[in-house]
Structures are given as C-alpha cells and as structure tokens.
Amino acid sequence: MFSQTAEYALRAMAVLASRPAAQTAHQIAACTQTPADYLFKVLQALGRAGLVIGQRGKHGGFSLARPASQISILEVVNAVDPIRRIEHCPLRIASHGTRLCPLHRKLDAALKTVEDLLASTTLAELLEGPVELRPLCGGFQEASCAIS
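Going by the working numbering, the residue at position 134 of the sequence shown is 134; the numbering climbs one at a time, nothing skipped.
The set of hints was computed from the structure by calculation and includes no laboratory data.
Be aware that one or more of the hints could be misleading.
Unchecked claim - Dumping the calculated EDC-like pairs for lysine to aspartate or glutamate here, alpha-carbon to alpha-carbon at most 20 Å: (1) K106 to E75; (2) K41 to E75; (3) K112 to E75; (4) K112 to E128; (5) K112 to D81; (6) K106 to D116; (7) K41 to E7; (8) K41 to D81.
From just these sequences and the hints, can you work out the full model?
Structural data, given as structure tokens:
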C-alpha cells in the first residue's frame, strides 16, 4: 500500500526520533539499510515539508524539526508520497464525474480511514515499547545503529 519512498522516510524519521544528535544521511542509510543517495533525496523532501532540519558542516546532519510527539505518521507519508483520495471516477466515466459509484465510495472511505489512523499516530508512539519490537530498523546488529 505504501511506496518504498514512504518506507524509507518512516525509517529515517524513526532513527532521527531515537537520537539526540544530528545524523548524516550516510549514518541514517547504514542504520535503515537504505541506499544513501536515494535517502538523501527523501531527507530533502522531509526538509521541504518542515519535518527535518539539515545542517551543513563538520558536525552537521539531519535532526527532527519538532519533537517526535508532534509529528504524525501521515505528515511523514504525505511529505514524500501523498495518499491520493478518490475525488473523480478513476475510470473516467463521464456520467459519474465527481459522483462516485458505490465501489469507489467504499475505496475512498477506506483511504480516509487509513489517513485518520496515520494522522492520529505520532512518531513517538512508534518508538514506545521494548527495543526489540521497535519498527523499521530491527535486526541490525551494528552497535552504532541500535535504536535506544
């Protein structure tokens, strides 16, 4: 349901939420097992959305723009690959126009339910609970990448 880009964004945000210091794109890529070049583009999109701050220089890197408790999962997903609701007949049936048939009304209602759930879930909530059950970066053995 979600694109690989959205998955990378969520992984990166989980790493940033778990670390007090700024992280370089290469550090985040190593921890999340994502391609560094592509992740850098994802981080730029997150920056344009106001979710991360990038700092250049020797001690630079990326950090969250707001506390994890104030960032919804929907914001992260929409920053890189927005959920597209059904507003017009996807089959372009002229007589339907903006009046959705029962099938497309149900599909749009399902998308609304997903949006509502993601909007009501914060990044901080994803990091609650036992360390071994935290999402997105589990199973990675390198100590410098362990989410604490």
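Hints, verified against the model:
{"no.": "1", "hint": "K106 to E75", "verdict": "violated (24 Å)"}
{"no.": "2", "hint": "K41 to E75", "verdict": "holds (17 Å)"}
{"no.": "3", "hint": "K112 to E75", "verdict": "holds (14 Å)"}
{"no.": "4", "hint": "K112 to E128", "verdict": "violated (25 Å)"}
{"no.": "5", "hint": "K112 to D81", "verdict": "holds (16 Å)"}
{"no.": "6", "hint": "K106 to D116", "verdict": "holds (15 Å)"}
{"no.": "7", "hint": "K41 to E7", "verdict": "holds (13 Å)"}
{"no.": "8", "hint": "K41 to D81", "verdict": "holds (13 Å)"}
Taken one by one, the earlier hints fail for this structure at numbers 1 and 4, listed in ascending order.
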